[in-house]
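There are 2 protein chains.
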Amino acid sequence: MIKVGIIGVGTVGTSVAQILRDNANIISARAGVDIVVKCGVVKNLSKHRDIEIPLSDNINDVLEDDEIDIVVELMGGVEEAFEVVKKALRSKKAVVTANKALLAYHRYELQEIAQDLAFEYEASVAGGIPIINALRDGLSANHIKSIMGIMNGTCNYMMTKMSDEGVDYDTILKEAQDLGYAEADPTFDVGGFDTAHKLLILASIAYGIDAKPEDILIEGIQNVSQEDISFAKEFGYAIKLLGIAKKDAEEVELRVHACLISQDEMIAKIDGVMNGISVVGDKVGETLYYGPGAGGNATASAVVANIIDIARSGKSKPMLGFDKPLEGKLILKPTDEIESKYYLRINVSDKKGVLAKITKIFEGNNISVETMLQRPATSHSANLLFSTHIAVEKDIQNMIKEIEALDFVNSKPVMIRIV
Amino acid sequence: MIKVGIIGVGTVGTSVAQILRDNANIISARAGVDIVVKCGVVKNLSKHRDIEIPLSDNINDVLEDDEIDIVVELMGGVEEAFEVVKKALRSKKAVVTANKALLAYHRYELQEIAQDLAFEYEASVAGGIPIINALRDGLSANHIKSIMGIMNGTCNYMMTKMSDEGVDYDTILKEAQDLGYAEADPTFDVGGFDTAHKLLILASIAYGIDAKPEDILIEGIQNVSQEDISFAKEFGYAIKLLGIAKKDAEEVELRVHACLISQDEMIAKIDGVMNGISVVGDKVGETLYYGPGAGGNATASAVVANIIDIARSGKSKPMLGFDKPLEGKLILKPTDEIESKYYLRINVSDKKGVLAKITKIFEGNNISVETMLQRPATSHSANLLFSTHIAVEKDIQNMIKEIEALDFVNSKPVMIRIV
Numbered sequence: 029m030i031k032v033g034i035i036g037v038g039t040v041g042t043s044v045a046q047i048l049r050d051n052a053n054i055i056s057a058r059a060g061v062d063i064v065v066k067c068g069v070v071k072n073l074s075k076h077r078d079i080e081i082p083l084s085d086n087i088n089d090v091l092e093d094d095e096i097d098i099v100v101e102l103m104g105g106v107e108e109a110f111e112v113v114k115k116a117l118r119s120k121k122a123v124v125t126a127n128k129a130l131l132a133y134h135r136y137e138l139q140e141i142a143q144d145l146a147f148e149y150e151a152s153v154a155g156g157i158p159i160i161n162a163l164r165d166g167l168s169a170n171h172i173k174s175i176m177g178i179m180n181g182t183c184n185y186m187m188t189k190m191s192d193e194g195v196d197y198d199t200i201l202k203e204a205q206d207l208g209y210a211e212a213d214p215t216f217d218v219g220g221f222d223t224a225h226k227l228l229i230l231a232s233i234a235y236g237i238d239a240k241p242e243d244i245l246i247e248g249i250q251n252v253s254q255e256d257i258s259f260a261k262e263f264g265y266a267i268k269l270l271g272i273a274k275k276d277a278e279e280v281e282l283r284v285h286a287c288l289i290s291q292d293e294m295i296a297k298i299d300g301v302m303n304g305i306s307v308v309g310d311k312v313g314e315t316l317y318y319g320p321g322a323g324g325n326a327t328a329s330a331v332v333a334n335i336i337d338i339a340r341s342g343k344s345k346p347m348l349g350f351d352k353p354l355e356g357k358l359i360l361k362p363t364d365e366i367e368s369k370y371y372l373r374i375n376v377s378d379k380k381g382v383l384a385k386i387t388k389i390f391e392g393n394n395i396s397v398e399t400m401l402q403r404p405a406t407s408h409s410a411n412l413l414f415s416t417h418i419a420v421e422k423d424i425q426n427m428i429k430e431i432e433a434l435d436f437v438n439s440k441p442v443m444i445r446i447v
Numbered sequence: 029m030i031k032v033g034i035i036g037v038g039t040v041g042t043s044v045a046q047i048l049r050d051n052a053n054i055i056s057a058r059a060g061v062d063i064v065v066k067c068g069v070v071k072n073l074s075k076h077r078d079i080e081i082p083l084s085d086n087i088n089d090v091l092e093d094d095e096i097d098i099v100v101e102l103m104g105g106v107e108e109a110f111e112v113v114k115k116a117l118r119s120k121k122a123v124v125t126a127n128k129a130l131l132a133y134h135r136y137e138l139q140e141i142a143q144d145l146a147f148e149y150e151a152s153v154a155g156g157i158p159i160i161n162a163l164r165d166g167l168s169a170n171h172i173k174s175i176m177g178i179m180n181g182t183c184n185y186m187m188t189k190m191s192d193e194g195v196d197y198d199t200i201l202k203e204a205q206d207l208g209y210a211e212a213d214p215t216f217d218v219g220g221f222d223t224a225h226k227l228l229i230l231a232s233i234a235y236g237i238d239a240k241p242e243d244i245l246i247e248g249i250q251n252v253s254q255e256d257i258s259f260a261k262e263f264g265y266a267i268k269l270l271g272i273a274k275k276d277a278e279e280v281e282l283r284v285h286a287c288l289i290s291q292d293e294m295i296a297k298i299d300g301v302m303n304g305i306s307v308v309g310d311k312v313g314e315t316l317y318y319g320p321g322a323g324g325n326a327t328a329s330a331v332v333a334n335i336i337d338i339a340r341s342g343k344s345k346p347m348l349g350f351d352k353p354l355e356g357k358l359i360l361k362p363t364d365e366i367e368s369k370y371y372l373r374i375n376v377s378d379k380k381g382v383l384a385k386i387t388k389i390f391e392g393n394n395i396s397v398e399t400m401l402q403r404p405a406t407s408h409s410a411n412l413l414f415s416t417h418i419a420v421e422k423d424i425q426n427m428i429k430e431i432e433a434l435d436f437v438n439s440k441p442v443m444i445r446i447v
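Chains V and B are the protein sequences, given in the same order.
Quick note: the first sequence uses the working numbering, first residue 29, plus one each step.
Quick note: the second sequence uses the working numbering, first residue 29, plus one each step.
Pairs count within a copy or across copies, as identical chains cannot be separated in the list.
Listed next, the in silico SDA-like pairs over lysine to any residue satisfying Cα-Cα at most 20 Å (straight line):
#1 Lys173 x Gln46
#2 Lys357 x Ala52
#3 Lys352 x His171
#4 Lys297 x Val308
#5 Lys352 x Asp50
#6 Lys297 x Asp192
#7 Lys343 x Ser119
#8 Lys440 x Val382
#9 Lys352 x Ile30
#10 Lys173 x Asn53
#11 Lys120 x Met29
#12 Lys297 x Gly313
#13 Lys71 x Leu83
#14 Lys297 x Gly264
#15 Lys343 x Leu145
#16 Lys343 x Gly60
If you're looking for bench data, these hints aren't it; they were derived computationally from the structure.
Model the full assembly from the supplied sequences, consistent with the hints where possible.
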């Protein structure tokens, strides 16, 4: 019998205990042993929970119990959780966590400490989708050329609704908050930080690359307006918040931002709160993984899968996918050297010579226009829409600054990268 | 160092050797050991191959070489391959195979013989998509409610082209044959047998159910005409060949046939030669796995992933996903008790009273019509199109027989199940 301690019995923790109870028969058949929750650690013992497991408000009732084989960390946060899982590992317990922030900051230290102990974290990226499993095991024969992921259901819900119903950003954000999809302070989701945490985890498995959130380009969806969504749709694109990892020779670029993406791509077809991750391997080509990225049961499904895996085999895989360092280590591409095609929307007063001045600035910054379109915005202003050929990030940023300074430009130009 | 012997160095075998050579650096970092091909067994030693590995035409140079740890069976066929892998296992070698037919017939015997030896077969279902991995490990916490898979690229290519280009079945079959997607005798693909082999493998992992191809409903796409594709499209459906496994209480139904499926479903959006498998778990909900189902490199990607997994851990998982039998074993639902909605196209001579007679036969067989539509076919005949409410397979089959016997019915009614 395998005994589990759960630290943090909120939505996911409750679901973990429920799955281990509801599906005990099939789980035991698959794992070859029975798996039971010996203790759940909570802050408030008197709060009602939809599960009957022994509870304690003393974390040491899990960490210091020699009978407990696996510690499931669901308390959230970074530093406190880090201390807890370190202590668990030092007590020779296997650890399962759903904590993406913990991993975004401390995954390499944890790998070092874990050594021969199992440390699993399937639920930390894209909830119920077994993407860690796929990337670490299923695609292990490949050099990964790229990863493009819709990994935040809140943002995808908002982008989908804006596209389907023509509502504006603020309206849909309020709706997402009312439905409980977005927090009162939505910055962590809509600012791209949640997606960035997940991307960093995937990038370690794909490339063995150690980066922190502050090392990479992170933008959110806050500047995507209904106008951009409508224009994109008209020209056969969807707008999605993507986490992107891309390898080019010995450099890896990591970035999170809204993207225009052709509606023909499978990942553009992923709508609503669902998540999806496209992975291109040098040998296999493109594979894509789709499913629910959040929710108690979906997340707990991944947590319990990790528990079963540990019950079956102890530890069988290197935590971050590499059993020894990769020769000729890959390096992180500086943010301002990233290359992309760009969509630009520039709102200008309707005056003579406007287009000539703007295109001159394009030229001065080595930006080559692919398509251009002018549309009236109000009676005295127009939207100039551009798509560019491949350009370099720092050139685009310079160009935007110069354009913004022009007196006939009414607001900061909107820039969305095209993939 | 792990040494591999490859039995059968055709397209996939060559790709396996190439990947182990081309990606040796990253594979060695991921596996923690170097992996080399010690011997490839071929029938014809003089044939040119795009890889330099030691070759032999004597299978015992692999099977009886104590230095070879892993035997990769890529010879194809059923009984001869069965003898070969049995001999490999008896020589205490791990086995990796891409042979779906072998597994469709002998997977439980192989599991019995393998015992503590690793026996892996990721490439046998949906080529490069790590679906075995996902189902056996990633979703192991779930009772699987259903599996619906597009697992034959040839059929999906044909259905997609018929839908996109309005060409008829025979034209597109010829094109698929010219492109090398379909065999000269295409029955194995278009008749649904290839999909059935794959479905049986997935059903074992999901349900622990032992069935052979002859135990389940297998139909192909041969009766799907351009007319049906067009009608389906008009009403918001795609037609796809699906392998379906579904659990209902203690019964499991397994079936392969063309399906009408709403264009809104993710699986309906999988086009061309690509494969995709939707899996619904009781806890996680729907997840979907998409990618290339065939081709040397894609298939070899899965074979090499299995080799890496074995190099990492020996054996860590029960071959078919169950470490001990499931209590309250599930049973296979008899084919004629399967329930579904149905689409029917009945070509009739344009006479009075036709509709009354046909609907009376519907009624007499407990079939309730959901929608009905009449369209002229030629100047003297019409197509009657029906969709039914949920009905039972044996009732539909009886009804079709009765309708076919009517003198004003010009050909066997076309029936396609709706999912």
